[in-house]
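Novice: Listed below, chain by chain, are the residues.
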Amino acid sequence: MRTPLRPLSRRGLLSGTLGSAALLALGGSLAGCGTKGAQQTEAGCVSEDRSESERKLVFSNWPQYLDVDEKDESKRPSLDEFIRKTGIAVTYTEDINDNNEFFGKVQHQLAACQSTDRDIIVLSDWMSARMIRLGWVQKLDPAKIPNVRANLLSSLLDRSFDTENRLSIPWQSGLAGLAYNGNVTRELRTVDELLTRPDLKGRVTALSEMRDTMGLLLGAAGHDPANFTSAQFDDALTTLRRAVDSGQIRRFTGNDYAPDLAKGDIAACIGWSGDVVQLAGADEKIRFVAPDSGVMLYSDNMMVPNKATHKANVEQLINYYYEPAVAARLAAYVNYICPVKGAQAEMEKIDPELAANPLIFPDEALLSKSTMFMALDEKQEKEYEGKFQQVIGA
Amino acid sequence: MTLLAPTGPGQPPPAPPAARSGSRRLLPYLLVLPGVAWLLVFFGVPLGQLAAASLYDPSGSLSTGYAMTWAVGNYADVLQAYWPQFLRSFGYAALALLLALLLGYPLAYAIAQKAGRWKNLLLVCVVAPMFTSFLVRTLAWKTILSDNGVLVGLLRDVHLLAPDGRLLATPFAVVLGLTYTFLPFLVLPLYASLERLDRRLLEAASDLYASPVRAFRRVTLPLSMPGLVAGALLFFIPASGDYINAELLGTPNEYMVGNVVDSAFLVRLDYPQGAALSVLLMVAILAMVFGWLRGAGTEAVR
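Protein chains in written order, with this note's numbering: chain A, 1 to 394; chain B, 1 to 302.
To be clear about the criterion: a stretch of chain B counts as covered by chain A if any three or more of its residues have a C-beta under 8 Å from a C-beta of chain A, and this derived list gives those stretches: (1) 52 to 60; (2) 63 to 74; (3) 144 to 154; (4) 165 to 179; (5) 247 to 254.
Derived by calculation from the structure, the hints in this document are not laboratory data. No residue lacks a Cβ here, since even glycine has one placed at the ideal position from N, Cα and C.
Given these sequences and hints, build the entire structure.
Specialist: Rendered as structure tokens:
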């Protein structure tokens with residue numbers, strides 16, 4: 001038997017409304033006075049270095065970004081050698097999958113000047129710039145990392161967000177350019193072709209990283225990605241919007257374009273050199289194209305977050321990975337652009353074919369085409385990212 | 001109640017001890033206390049904070065912090081900028097619900113009334129996909145609908161799809177994904193209410209010369225209403241807030257409001273906008289649910 005629901009009385013309604021309002025007010029009052037700024041200063045958030053007594057460090061990196069032994073994937077030859085040489089125990093975790101996602105994970109600790117329990121984190125240029133702007137990373141001692149100054153590629157020295165090379169040191173670099181699958185389409189040379197060629201309609205993806213996609217489009221429109229105005233940005237964005245509206249661009253992706261490109265679901269895309277080199281290893285008809293209008297050079301950088309307690313140990317590790325022989329070993333596995341001068345000569349001994357690959361050791365011709373995206377302040381970042389996100393549908 | 005002592009006829013029942021009656025009156029409140037505390041801490045407070053964040057000064061930023069300025073304009077801003085995604089969310093969710101009803105009602109009916117000894121096995125089959133991650137299942141759909149996959153090849157061969165047509169990255173794929181993902185939430189409550197359906201009522205209906213269609217309309221459907229409404233709610237609410245299907249199976253032109261909230265919080269770091277969008281979505285769904293319940297009759301939910 002079913003009892004009919006008591007009709008909602010005025011009193012019930014009133015108390016219900018009052019109850020929910022009280023609940024909201026309680027939560028609201030906790031946040032009612034707004035939030036504090038997340039900015040930290042060197043003097044305000046001091047980190048202690050316990051490297052002398054604690055011979056260890058915690059290293060957070062992206063997946064497949066460190067060499068592993070061919071026979072035993074749990075062994076990491078270059079890192080194991082560092083541990084053997086220095087006696088510093090390294091806890092290596094592959095827990096960074098996405099810049100924004102990782103930022104979300106650590107932002108609350110760093111905003112409150114608390115430890116993230118990590119001594120090295122690896123993040124892309126623009127996110128490094130944001131971390132530095134927020135005052136969330138520790139300054140390294142140049143005297144303890146002499147190899148960096150000596151061996152870092154000159155095009156990566158003194159970048160706008162870290163003019164002294166003391167806050168973020170490139171781990172690996174890469175190029176954002178065009179890629180196509182020769183099994184399902186013919187050759188592709190320019191950004192315009194990618195965005196307008198009728199046979200590619202609906203079979204093109206671009207990157208959801210604003211700096212990579214917009215950098216290429218700015219270059220193609222004849223503007224300088226390293227130094228552009230708001231109007232020039234809008235101009236390039238209009239081209240992108242047209243390609244989205246016409247259905248030419250199918251999706252904006254992170255790393256996940258790679259399997260689609262390999263399968264031929266997408267015929268061409270804006271992609272990253274490292275991914276394409278790996279795909280080309282399995283299918284040589286998949287090609288990376290550096291359009292004459294320019295490619296974007298980016299790096300993923302090692303940084304020591306505030307309150308990490310093993311900075312001196314980290315400096316030893318950074319210096320170790322800037323030895324050309326070690327860098328060559330790493331590059332032979334990860335296939336991204338090696339930021340260490342002299343590694344190419346060392347690579348000759350490991351794998352001459354890789355040593356000749358311009359996407360790992362770029363030649364002058366390629367480097368001259370490459371640019372880095374303009375450093376943005378917080379206001380510009382919000383403005384440009386907002387406009388871009390609106391075009392890419394979110 | 002077990003506390004009542006057996007009393008002889010004619011004797012007045014002994015008065016319960018005073019102290020006991022006090023604690024007994026408190027008992028129900030003590031029983032709900034953990035639940036209420038949990039809701040208050042993990043739902044009430046964050047919800048209040050979200051509502052507060054939606055009124056922060058939109059010109060604030062992460063590094064400088066946000067000031068509370070009761071900026072009601074945030075709501076107008078997000079509605080103006082993202083109304084297509086809002087409409088799309090509800091449109092897709094409604095379409096998916098319709099599809100799910102067409103698929104799910106006969107399925108639930110068959111399992112409840114016709115499956116016989118296969119009933120349990122079939123029920124397990126309905127629930128089984130939930131044993132793997134939702135993400136993995138959506139990625140599997142990407143492979144199934146792939147441009148160079150078997151399915152698309154077949155559809156092209158029989159000319160159901162143009163030679164350059166595709167399934168992946170279309171609204172169809174997104175609606176299909178939504179339908180698939182949330183179908184069990186509709187089928188299970190429906191099954192529960194159809195299972196209790198008394199067959200004799202149908203026999204009576206046919207004895208009284210009702211055609212099968214009429215018997216369904218006048219007997220089966222009304223009796224399954226509670227399950228239908230509960231299932232439809234369980235389906236519609238998460239489906240309209242979903243963003244994984246649109247992200248993986250769609251294109252920017254299929255993005256739903258969930259994708260916008262995701263980007264506001266994680267990419268653009270525009271917390272007031274993200275919060276305003278979330279509150280709007282919640283209010284819109286609540287309003288729809290209330291409207292629905294009034295229409296369907298609250299009684300039907302039980």
